[in-house]
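One letter stands for each residue in the lines below.
Number of protein chains: 2
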Amino acid sequence: MVRKGKNVAAGTPQEELDARTIAMIDRLAGQMRESIEQGELPAMRLPVRSLGNVTYDKDKGYFELGRAEKIRTLSVNTARIFAQTLRLMATARTMIAQNDFATKREAYYVSKNWGDARFDEQAESDAVMDDIEALAAAQGLSREQLRFYPESHGGSVAGELTVLDRNPQTGEAIEIDCRGFGNGAYGIPRSVEHLQFRTRAKFVLAIETGGMFQRLNSHRFWEETKCILVEMGGVPTRATRRFIRRLSDTMDLPVWCFTDCDPYGFANIYRTLKVGSGNAAHINRFFCVPRARYLGVTPQDIIDFGLKDATHPLGRADIKRARDALKNDPFFAAHPQWISAIEQLLEMGVRAEQQALAKWGLNYVIEEYLPRKLANPTGFLP
Amino acid sequence: MVRKGKNVAAGTPQEELDARTIAMIDRLAGQMRESIEQGELPAMRLPVRSLGNVTYDKDKGYFELGRAEKIRTLSVNTARIFAQTLRLMATARTMIAQNDFATKREAYYVSKNWGDARFDEQAESDAVMDDIEALAAAQGLSREQLRFYPESHGGSVAGELTVLDRNPQTGEAIEIDCRGFGNGAYGIPRSVEHLQFRTRAKFVLAIETGGMFQRLNSHRFWEETKCILVEMGGVPTRATRRFIRRLSDTMDLPVWCFTDCDPYGFANIYRTLKVGSGNAAHINRFFCVPRARYLGVTPQDIIDFGLKDATHPLGRADIKRARDALKNDPFFAAHPQWISAIEQLLEMGVRAEQQALAKWGLNYVIEEYLPRKLANPTGFLP
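One line per chain: the protein sequences are G and P, in this order. So for the first sequence, the working numbering puts the first residue at 1123; every next one is plus one. So for the second sequence, the working numbering puts the first residue at 1123; every next one is plus one.
Isolated chain G (complex conformation) (with noise of 0.2 Å):
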């Protein structure tokens, strides 16, 4: 009943991409088969992932791996790990040449019929899997090219945006109209490297909860604004935050983030958005969204637009989250603007959610706050 799947058209940008990560594989699989041949004993040169190896450059947008190399040698220790190191990306090669995919908690399932290499926790397939992909990083190649899908959902989508995607069986072309679907939204897929774009939208509005988009939407707030609504639900997925960004890199937009007024709004979802993770420093050049600007809801803007009422005080989580921002963070410490939001917020000593405006009136966030935001786009923090 499956149908293997024709893949992508030829001459695409998916092919191409297909071809450089199964030449990476091949390149890979040649030097350890070389050097066993050599009676040498085999090794792989991997990326060290941890926070150590991680630096911030404002220029380029996004935290970078460093320099820093472990070397994998086969020996009595590592046969059990590099035995699944290479299986695992066998994997992928068999995936990409099927045009299949395997979710993290598949790959790891997968492994069940390995025998002795088999994975027995998933914290191991996963740990080999970010291996894999600080390789495949180093050549510019993501892990969802090498078929590894997270688990998690994607974000959802409204307005002014055309998606082009492909039947993944029979590789026809399949227009997605986001203006189309009345409530309801377009749910972003678990890959969309494939994915292009067609929009005559001047911005991207990515926002933090589900009831505030589905306000946006229902009103068709993305009309008249000339806009794409995209609902982040929280910190965005690596599918949203790549969608995002493949969104503003190829035609050309801002991104404008919305979200509630507090250090996890700062610190975790728009600082994620913007900049990547800091302990997924090797992917954050492909999910990072360097023209993404924070609209709001700033700490100014409690006492701008009259919310104070409507605040709640900060918790300890809060305050932690917030002083670890203005300490360890090297984005915020990069900023002085929100450098001086966060002390703002902390003297302020209460948060506000973006639903909070609705103590004028629910559409007041539509009829008061957006345009007058809006209409000053400079005054952004950074």
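Since the hints were made in silico from the structure, they are not lab data. Heads up, the beta-carbon is just placed ideally off N, CA and C, and yes, glycines get one too. Errors might be hidden in some of the hints.
What follows is a list of derived Cβ distance ranges for each label pair [unchecked claim]:
{"id": "1", "chain 1": "G", "residue 1": "P1435", "chain 2": "P", "residue 2": "K1430", "range": "44 to 54 Å"}
{"id": "2", "chain 1": "G", "residue 1": "A1245", "chain 2": "P", "residue 2": "D1148", "range": "52 to 62 Å"}
{"id": "3", "chain 1": "G", "residue 1": "N1450", "chain 2": "P", "residue 2": "E1469", "range": "44 to 54 Å"}
{"id": "4", "chain 1": "G", "residue 1": "A1141", "chain 2": "P", "residue 2": "K1180", "range": "54 to 64 Å"}
{"id": "5", "chain 1": "G", "residue 1": "A1439", "chain 2": "P", "residue 2": "A1201", "range": "30 to 40 Å"}
{"id": "6", "chain 1": "G", "residue 1": "Q1318", "chain 2": "P", "residue 2": "P1504", "range": "42 to 52 Å"}
{"id": "7", "chain 1": "P", "residue 1": "Q1160", "chain 2": "G", "residue 2": "N1498", "range": "53 to 63 Å"}
{"id": "8", "chain 1": "G", "residue 1": "A1245", "chain 2": "P", "residue 2": "L1468", "range": "22 to 32 Å"}
Take the given structure of chain G and dock chain P to it, following the hints.
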């Protein structure tokens, strides 16, 4: 910038529901007013929403609220909650008239302008909303009909289905072809009451995990089997449950549920989908899916499909949940086949995820497992 939004077209089921909802609110308000004019203290009769007031009748097919009532009479102690209840009902009435809605969180914030009647915590507004919902439920109306929407996501849909929605602003008809999303999917909106359907599908397949949904969708499993895939993403949300229920009712479709083989998959995901939840008994009649049957993964499947070495030992929480289901859950108590299955699971001492089928190859689930199961729907657990 907000357009008030034309209400739905005259004579639609939605308009009739709206009229009934407004009539209910007006009747209640009228009774209060009458009491006051006659010099009596106004009172509200509210169903008791506690587990003690819940019954399960196999033929009805859902957890149901009993007849116990509480009477809330206006007094010095109840003045605030009395005012809050009336204001929240007035908010619902306005939203229906303006074709708008509020998430539960927004409804809480709206109260910040009510002076002394403001809610201090969302828990307060949620409790009052539950009371109003229970009142409405007695009239066959749900909370969504009062225009209070849940914050959480709906599920995703792909396959042999066209959803008929309307442009929320103009009322214009919109057709959403769920075969046309490539690797993406249709995101279920937060309120589905107004949707209509067109389909040639033979069944609905409700799937626990996003990864499995993506696999079946990417391989267009729905095409040859003529089905509709719904991703539940764990315990299905209200919107997802109601969507499946309406689909099953209006299109006369059976619903096959495909989850992990563990007590969470049985007792939390499947049981909630089929009969609802114990602590929201006043609404289960709208949200249950009586035609749901459990396709798998069953404990017997672990044996029949050779999954033993891809299982995990039952954890303490699993065992507790399984024992609770056997001891305290009227749904399982009413079905001897379920009692046997749960006892078998406890005896085997292991659980299996739906992804465990990947042990036999990534697409074993499509090539072997599902065809064998689907050939014998009468073997599904009730």
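Cross-check of the supplied hints:
no.	hint	result
1	G:P1435 <-> P:K1430: 44 to 54 Å	holds, 52 Å
2	G:A1245 <-> P:D1148: 52 to 62 Å	holds, 59 Å
3	G:N1450 <-> P:E1469: 44 to 54 Å	holds, 50 Å
4	G:A1141 <-> P:K1180: 54 to 64 Å	holds, 59 Å
5	G:A1439 <-> P:A1201: 30 to 40 Å	holds, 36 Å
6	G:Q1318 <-> P:P1504: 42 to 52 Å	holds, 47 Å
7	P:Q1160 <-> G:N1498: 53 to 63 Å	holds, 57 Å
8	G:A1245 <-> P:L1468: 22 to 32 Å	holds, 27 Å
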